[in-house]
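Build the complex from these two chains, which are given one at a time in their own frames, with help from the hints.
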Amino acid sequence: MKIKKMLNKKMPTNLSTQTKPTWCPGCFNFQILAGVKKVLEEEIAKGKKKEDFAIVTGIGCHGKIFDYLNLNGINTLHGRVLPACLGIKIGNPNLSVLGFAGDGDAYAEGIEHLIHAARYNSDLKYIVHNNQIFALTVGQPTPTTELEFKDKTTPLGVKILPLNPIKLMLASGASFVARVFADVKQIENVLKKALKHKGFAFIEVLQPCLIFHPDISYKSKIYSLEKTGHNKTNFEQAWKKAEEFNYCLKEKTKIPTGIFYQKERETFEEKFPQLQNLKKKGIGWKDIRR
Amino acid sequence: MKFNILFGGKAGQGVNVLAEILGKALVKQGYYAFCSRDYQSLIRGGHNFNVLTFSNEPIASNEGKIDILVALDENTEKIHKKELKKKAIILKGSDDNMYYAGRLFKLFCMDFSILDKELKELEKRYEENIREAKQGYNEEKREFCKILYKGKKNAYFLNGSQAIAQGAIKSGLDLYYSYPMTPSTPVLGELAEKQQEKNILVLQLENEIAVINVAVGSAITGAKTMIGTSGGGFDLMTEALSLCGMAEVPLVIYLATRPGPSTGVPTYTSQGDLNLARHAGHGEFLRIVLAPGDPLETQESVSQAFYLSQRFKIPCIILGDKHLAESFYTFEREAKITKTEKLTKLERYNGYEKNPETGSATDVAKIIKKNVEARLRKSEEIKKEAGKFSQYKIHGKKNSKNIIVSWGSTKGAILDAIKDLDVKFIQVLYIEPFPREIKKEFEKAKKIILIENNSTGQLGNLISEKTGIFIQEKNKILRYDGRPFLADELKKEIKRKMK
Numbered sequence: 004m005k006i007k008k009m010l011n012k013k014m015p016t017n018l019s020t021q022t023k024p025t026w027c028p029g030c031f032n033f034q035i036l037a038g039v040k041k042v043l044e045e046e047i048a049k050g051k052k053k054e055d056f057a058i059v060t061g062i063g064c065h066g067k068i069f070d071y072l073n074l075n076g077i078n079t080l081h082g083r084v085l086p087a088c089l090g091i092k093i094g095n096p097n098l099s100v101l102g103f104a105g106d107g108d109a110y111a112e113g114i115e116h117l118i119h120a121a122r123y124n125s126d127l128k129y130i131v132h133n134n135q136i137f138a139l140t141v142g143q144p145t146p147t148t149e150l151e152f153k154d155k156t157t158p159l160g161v162k163i164l165p166l167n168p169i170k171l172m173l174a175s176g177a178s179f180v181a182r183v184f185a186d187v188k189q190i191e192n193v194l195k196k197a198l199k200h201k202g203f204a205f206i207e208v209l210q211p212c213l214i215f216h217p218d219i220s221y222k223s224k225i226y227s228l229e230k231t232g233h234n235k236t237n238f239e240q241a242w243k244k245a246e247e248f249n250y251c252l253k254e255k256t257k258i259p260t261g262i263f264y265q266k267e268r269e270t271f272e273e274k275f276p277q278l279q280n281l282k283k284k285g286i287g288w289k290d291i292r293r
Numbered sequence: 414m415k416f417n418i419l420f421g422g423k424a425g426q427g428v429n430v431l432a433e434i435l436g437k438a439l440v441k442q443g444y445y446a447f448c449s450r451d452y453q454s455l456i457r458g459g460h461n462f463n464v465l466t467f468s469n470e471p472i473a474s475n476e477g478k479i480d481i482l483v484a485l486d487e488n489t490e491k492i493h494k495k496e497l498k499k500k501a502i503i504l505k506g507s508d509d510n511m512y513y514a515g516r517l518f519k520l521f522c523m524d525f526s527i528l529d530k531e532l533k534e535l536e537k538r539y540e541e542n543i544r545e546a547k548q549g550y551n552e553e554k555r556e557f558c559k560i561l562y563k564g565k566k567n568a569y570f571l572n573g574s575q576a577i578a579q580g581a582i583k584s585g586l587d588l589y590y591s592y593p594m595t596p597s598t599p600v601l602g603e604l605a606e607k608q609q610e611k612n613i614l615v616l617q618l619e620n621e622i623a624v625i626n627v628a629v630g631s632a633i634t635g636a637k638t639m640i641g642t643s644g645g646g647f648d649l650m651t652e653a654l655s656l657c658g659m660a661e662v663p664l665v666i667y668l669a670t671r672p673g674p675s676t677g678v679p680t681y682t683s684q685g686d687l688n689l690a691r692h693a694g695h696g697e698f699l700r701i702v703l704a705p706g707d708p709l710e711t712q713e714s715v716s717q718a719f720y721l722s723q724r725f726k727i728p729c730i731i732l733g734d735k736h737l738a739e740s741f742y743t744f745e746r747e748a749k750i751t752k753t754e755k756l757t758k759l760e761r762y763n764g765y766e767k768n769p770e771t772g773s774a775t776d777v778a779k780i781i782k783k784n785v786e787a788r789l790r791k792s793e794e795i796k797k798e799a800g801k802f803s804q805y806k807i808h809g810k811k812n813s814k815n816i817i818v819s820w821g822s823t824k825g826a827i828l829d830a831i832k833d834l835d836v837k838f839i840q841v842l843y844i845e846p847f848p849r850e851i852k853k854e855f856e857k858a859k860k861i862i863l864i865e866n867n868s869t870g871q872l873g874n875l876i877s878e879k880t881g882i883f884i885q886e887k888n889k890i891l892r893y894d895g896r897p898f899l900a901d902e903l904k905k906e907i908k909r910k911m912k
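Protein sequence lines correspond, in order, to chains A and B. Mapped onto the working numbering, the consecutive letters of the first sequence carry residue numbers 4 to 293. Mapped onto the working numbering, the consecutive letters of the second sequence carry residue numbers 414 to 912.
Hints may be right or wrong, so weigh each one.
Unchecked claim - Quick list of in silico lysine to any residue cross-link-like pairs, SDA-like style, CA-CA up to 25 Å: (1) A:Lys-289 <-> B:Arg-724; (2) A:Lys-52 <-> B:Asn-768; (3) B:Lys-611 <-> A:Phe-275; (4) B:Lys-554 <-> B:Glu-541; (5) B:Lys-904 <-> B:Met-414; (6) B:Lys-749 <-> A:Arg-293; (7) B:Lys-423 <-> B:Glu-487.
In short, the hints are calculated from the structure, not lab data. All values derive from a computational prediction rather than experimental measurement.
This is chain B alone, in the form it adopts within the complex (with noise of 0.2 Å):
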């Protein structure tokens, strides 16, 4: 059992919170849920859809195809037409969303007291909500399929900024700096929220420039500081990363991929700033660049962030992208999180090329190259140490001679395409320091599949580098129009780049 639901309407008519609410009952209920955000750079009015995918079975991602089409305008109908599956179900008729929750528990035949516990914990407009819910759950006479419940344990529905804030909290941030960039957003609010409780502090700044350089100012106190942004924010800290490599600084940047160059397409997805992250700064040093592949390696990998940096007082970078910043995920496990100790303490920092006895500028020969030597010798411990966590993982049939290659928000798609196929998938967590042991799996390849959602395929050419293996341009799976891939969709794919 598999469905898709699409719900759509214009901005600020509530899709969002709609969809959460459905994901969250279904969840606990003991199903698994998935649910992406598909929204356009505008506050009021346009048109923006949830898609909330649920199955018995664990799953990652969304499919192309509609079971049930929730319209709170006349639009959605419109453009989502094409979509729908034959027998599919269309829910119109008003412009409150909660009325629609109330016919979907009803289509599910799940009891109204779960929304109304759900609706209850929404706090927000809750006299309202339960009336529309009401009417909704009484007019609808249907039966879509029964919702049981399944009593699973501990399982919970979290998106990626939740968790690279939840991950920060639990890695002891102390500091979080930002100014507001899409899809980077989220976690400032996330983060701002939880403040008090927490004690933490989290400031917004004037711009991505003072972030960076006030986290810097932070970190060399000995505060556990973390900063996020999203690509044109990055470049302009990338002259301040340059002096986190040169002063050896420690600090975790929260990278959100959208699609650029430039503004691009401001909300929508893109894996297009792997190189960047790779390469931002001027002159030679050492960074680690972590990709996780969906919230629960979010949290994980921010641990281990804040871990090497703290260790190896280098920046460190958590490379995410919209698809994973906002989309739901289930989950039945907590995450492993990496304990820190604070190791840095307020000295003499410098930017220029310093004496290390007494922390002045110098433009000694001999000292200069120690100096770098001494900053590149890091380089093997990292890897070390970089070796204990998961750098890659390998998913699907562990002896297939075909093999799917990918990182980061990929993951789900890919995982539910390659359900029943013969295909081992290879997923890369760690970007820097990169796993080389990689290359025997590759050897043992009969044929190599790249699936990436940016345009010239930015792992491929990394593992070309590494590895020296290159993947042919006809077995490359690129998506690069801002949407993630669809699981029915990319199988497809998948099928016949096998043949």
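This is chain A alone, in the form it adopts within the complex (with noise of 0.2 Å):
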């Protein structure tokens, strides 16, 4: 009796895979994947199903999370994690997808698909690991790296002024712009509000490379947006906030984190009677007999 009642005791779901981690020891990836790995687990614990999560991971160091992740989803190909999301929130739009990516993946080989997803709307978390490096191919310098970096490859530095995501993202209209710093916490926190907003949501998350881009200084330069009482609805102030970074660590240098911008709006799924029937029914396409 005693035993039955123990296996029918529901034992908390752990997410971890048995896959050994090959990132660097001290990688800034381990606080990512704690932080993901903790907020979903108590997802699960409060009664969501592990089946009702699907991951989708691009290429580079950052895409190692779908080894280390126990869920559904598939590990695809560099630059093209947003379309792979979507195409899984259409075959079942119960699903609650998270995307992750590498500031190569999001803001270089894919960036198309970034803008469109802010357009699309569409209910899906999205997690850019940005090192400001192109790490697993050994350091080369990606959109967001800063001004005067050198490497191998651009002896003579980096002469292009950094892309601004944040800025990209709010033009584009997504409706949920975040960047915090890679620590657990920080994670925890976002991802969770992350998953409360109906819509598309664009989290950066700044960490550095210990091998190829070991500036950390960014933990000191780094304040909340939320203690400074920013106003998240406000569209003015989130760009001016996004102005404050542009990529290139210098001394002085502010790094606002937190939701820059969150404002809901009509969903891509929502848009669709096909879709929203899908919904109501908690189906995917999959469960339609034709």
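Next comes the structure, spelled out in structure tokens:
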């Protein structure tokens, strides 16, 4: 009897896999993994099922998170995280879909999808691991690498102004725009809010790469938007805050973190009666018999 | 009896709809009609024309010589003068398209009520159309031929794009994604119009890369997913095609060819993408490539594509072209649709070589080897399953030693060209897996003639690769000017090759 009772008792779900992480020791990706895992495991403890989630990852160091999270989904092509997310969400709008991408995926190879994802406003959560470097290919600059950065492929130094993804997202109509530092607490905090947000949530996670972009001064430069009384529903204020950091880390740089902008509007899924119908019935296309 | 009518005018004058209305009416009367479109890449002006061929016997192509010329503008007569038969009739003098419908119905001694019914079905501009049509009907005093009702049942007039759409719906399509590109675009329209009625979702996305990657996402949730594009768009999709090969994603891809390379000749026809369909994508992976020859086969191919892709979790390409996509054919039987269950479910998919136990990426030699072999092993099963369908068809004189071999949209012109020739026509429908047993047909031949709408004879090369049989250069009939074969001209060429 006792054993049966014990077996029936729901064990807390552990989203770990058997795969041993191959990130460098101390890599900030561990912080992101821990934060994401904690939030999702809590969601599952509160009644969600593991199968209610789907994850999509791209190519680069960030993409290894697929191997360390025991969830359904796809580790897809470089730059194509968002289309795969959208496809899964359309396939079954009841799924909670999270995309993980690097700055190479999000801002270089697949930047067109980022702009359109903001327009579409599908109910997806998109986490960009921005270490301002192509790390897995051993250290080339990305679109958010600071001016004058030098490496083997760029001996004269980066001459082109970095992209400001926060501004890009605001201009593209994203309904949730946030930036955090790669710290478990910050990840947890923002992801919880993003999951509650109805629509596309863009979360940029700034992280040093200990090997190829090892400036760890972010920590002393960041400050919380929330604590300064930032009004996240005010677009002009959000834009001003976005302009404070141009991705070049200088001594006096101040980096705002937290939610820059949040305003819910009709989601992609709400626009199509076919998808609303699936949502109402709690099913995906797979369950439709013809 | 066989007549060719050419309808010419500027883009936007309604040449298309005029030809289609007459074609439909003739089919309903029990005749066989075939109608192709020739149009330029522009919206207004220029010169567009349709050729409608009809007969009391089955036909599936046009001829080069014209019996009736319908000229909606002055240019038409100038351009097509040389194609007219000696006693050809020229209809001109108005730029209202339905005025000519009236005249033609009168020339064919068809009751005005038949035209009225067609115009009602058209809905758009009914009042104006009927007024124009009546004027034409009353003005025309001649009689060209007598179209009598033959009481044939179930005949219908269908083009290749409609066939892709209908075939997909009949096969249980859930989702269709695309980005506009001629000649695949009509399918997007056909399906989008029906999405609410059929409870499917049809979306145009930001580019072809998004199209295939969104499709991959949907396909792995178990939705029956199809995408459509043309050569250039397909090029953009090839990385994700390779992803389908690795991650084992069932996806149906409609590839409608136009003349390349590059932007080429956007609104004309070609069979230049057979090699592309076979080889696109990096790495080694299985795929299925189907090449239907008419809209009926197209519907059947679509259903087979869904069946095989679901069953084997591989990408399946339906190879068409502009000529098939935009030409109307007459059919008397319904397509045989192969039903498929949804066999895919969301699990851990990976573009990396993966450990099947964890779904995580791996670089372990033993697992890599095992995975590669497991994927390739499907090929035997696929061959067996594909063998249940017609992978090739034999037409014409079954015992003839003269063999014509071809594939895809050349079928119609070849069938019409060989009607009274001592020829056996082998039509290949499965490019992958290729029906190797075809070899025994070739071994019996005295002469093998290859007919393709491309400049290098890609099927010919495939046959050599798979069977070791080489078709001599002098026995190849290749057309690569963007135009489809015409039955009368092709017949002459075949006869020359047979000497």
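Checklist entry - Hints broken by the structure, by number, lowest first? => result none
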